[in-house]
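J.: Residue numbers (the working numbering), protein chains in the order written: chain Y, 1 to 116; chain C, 1001 to 1115.
It should be emphasised that the hints constitute simulated quantities derived from the structure, not laboratory data.
Hints should not be assumed to be uniformly reliable.
Stated by the list, open to error - Within a straight-line C-alpha distance of at most 20 Å, the following computed EDC-like cross-link-like pairs (lysine to aspartate or glutamate) qualify:
hint : chain 1 : residue 1 : chain 2 : residue 2
1    : C       : Lys1052   : C       : Glu1017
2    : C       : Lys1013   : C       : Asp1056
3    : Y       : Lys3      : C       : Glu1103
4    : Y       : Lys16     : Y       : Asp86
5    : C       : Lys1022   : Y       : Glu44
6    : Y       : Lys38     : C       : Glu1051
7    : C       : Lys1057   : Y       : Asp55
8    : Y       : Lys38     : C       : Asp1030
9    : Y       : Lys3      : Y       : Asp29
10   : Y       : Lys3      : C       : Glu1017
11   : C       : Lys1013   : C       : Asp1062
Said to hold, decoys possible - Using C-beta positions, here's what the derived DEER-type ranges look like:
hint : chain 1 : residue 1 : chain 2 : residue 2 : range
12   : C       : Ala1002   : Y       : Val84     : 25 to 35 Å
13   : C       : Asp1071   : Y       : Glu17     : 43 to 53 Å
14   : Y       : Asn67     : C       : Asp1062   : 35 to 45 Å
15   : C       : Gly1003   : Y       : Gln83     : 24 to 34 Å
16   : Y       : Val13     : C       : His1073   : 36 to 46 Å
17   : Y       : Pro116    : C       : Ser1007   : 14 to 24 Å
Think of the CB as a built atom: it goes at the ideal place given N, C-alpha and C, for glycine as much as any other residue.
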Amino acid sequence: AQKVTQAQTEISVVEKEDVTLDCVYETRDTTYYLFWYKQPPSGELVFLIRRNSFDEQNEISGRYSWNFQKSTSSFNFTITASQVVDSAVYFCALSEANFGNEKLTFGTGTRLTIIP
Amino acid sequence: AAGVIQSPRHLIKEKRETATLKCYPIPRHDTVYWYQQGPGQDPQFLISFYEKMQSDKGSIPDRFSAQQFSDYHSELNMSSLELGDSALYFCASSPGLARNTGELFFGEGSRLTVL
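Could you put the whole structure together from the sequences, leaning on the hints where they help?
T.: Dropping the structure here:
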């Protein structure tokens, strides 16, 4: 069975600080996908990144960066120079790489509050 | 670019009533997923369809049913509504077998409130 753990329930940081959201996952599959989604107060799920299990390269997109470490089954997300607009709930998720079945298993989410 | 369309965006029902949510996937996407997100909870997988056939089933109550139609849109029917059914319901679509990218495209969600 797949499982995603986001141990940090809530995090508050002052604007412009860096913040890292942790994600640890469990799966028996050798091929899988990892995701991060942002859910602002308006409720929609905003796709941030998808990472294939075979690609362990870290990725940077503007102020966002992701650190995928297969050895520790972690896929952490760092926001650099945080801004108030970053305030949201962030979900880490996992899916099997089965054709035609990309069902996601979500973590419980981390509520990030950026204090002006 | 066209996105996943869900309707209605907001719905208020009384206990024991019936509700129907609709989902229109991205054109040429043949796979649809339904998720339920209760207040303060993470989205939970309910059910999925590929090429109009149920492909997987999660924690969907027996009071709920769903189907995918010939035009690939999907409907989630919820009967005998309970207070605990109040949630945000997401639909997502993917290209399925046509292109296994592992990516789901989510709609903006339908918020159901049961009074």
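J.: Does the Cβ-Cβ separation between valine 13 of chain Y and histidine 1073 of chain C fall within 36 to 46 Å?
T.: About 42 Å separates the Cβ atoms of valine 13 of chain Y and histidine 1073 of chain C, which means 36 to 46 Å holds.
J.: Measuring from beta carbon to beta carbon, are glycine 1003 of chain C and glutamine 83 of chain Y in 24 to 34 Å?
T.: holds (25 Å)
J.: Decide if the proposed pair is consistent with the structure: lysine 1057 of chain C and aspartate 55 of chain Y, CA atoms, cutoff 20 Å inclusive.
T.: violated (29 Å)
J.: For the pair supplied as a hint, lysine 1013 of chain C and aspartate 1056 of chain C, confirm whether the alpha-carbon distance does not exceed 20 Å.
T.: violated (28 Å)
J.: Take a look at whether the Cβ-Cβ distance between proline 116 of chain Y and serine 1007 of chain C falls inside 14 to 24 Å.
T.: Violated, since proline 116 of chain Y and serine 1007 of chain C (Cβ atoms, about 36 Å apart) do not stay within the stated range.
J.: Would you mind confirming whether the straight-line C-alpha gap from lysine 3 of chain Y to glutamate 1017 of chain C stays at or under 20 Å?
T.: Outside the cut-off at roughly 34 Å; violated.
J.: Is lysine 3 of chain Y within 20 Å of aspartate 29 of chain Y, Cα to Cα?
T.: holds (12 Å)
J.: Straight-line Cα separation of lysine 1052 of chain C and glutamate 1017 of chain C no greater than 20 Å?
T.: Given pair lysine 1052 of chain C, glutamate 1017 of chain C is violated - Cα atoms ~27 Å apart, limit 20 Å.
J.: Between lysine 38 of chain Y and aspartate 1030 of chain C, does the CA-CA distance stay at or below 20 Å?
T.: violated (25 Å)
J.: Is the distance from the Cβ of aspartate 1071 of chain C to the Cβ of glutamate 17 of chain Y consistent with 43 to 53 Å?
T.: holds (49 Å)
J.: For the pair supplied as a hint, lysine 16 of chain Y and aspartate 86 of chain Y, is the alpha-carbon distance within the 20 Å limit?
T.: Cα-Cα ~11 Å, so holds.
J.: Lying within 35 to 45 Å: is that true of the beta-carbon distance asparagine 67 of chain Y to aspartate 1062 of chain C?
T.: Given range 35 to 45 Å: holds, Cβ gap about 42 Å.
Figure legend: structure checked against the earlier numbered hints; hints not met, in rising order: 1, 2, 6, 7, 8, 10, 17.
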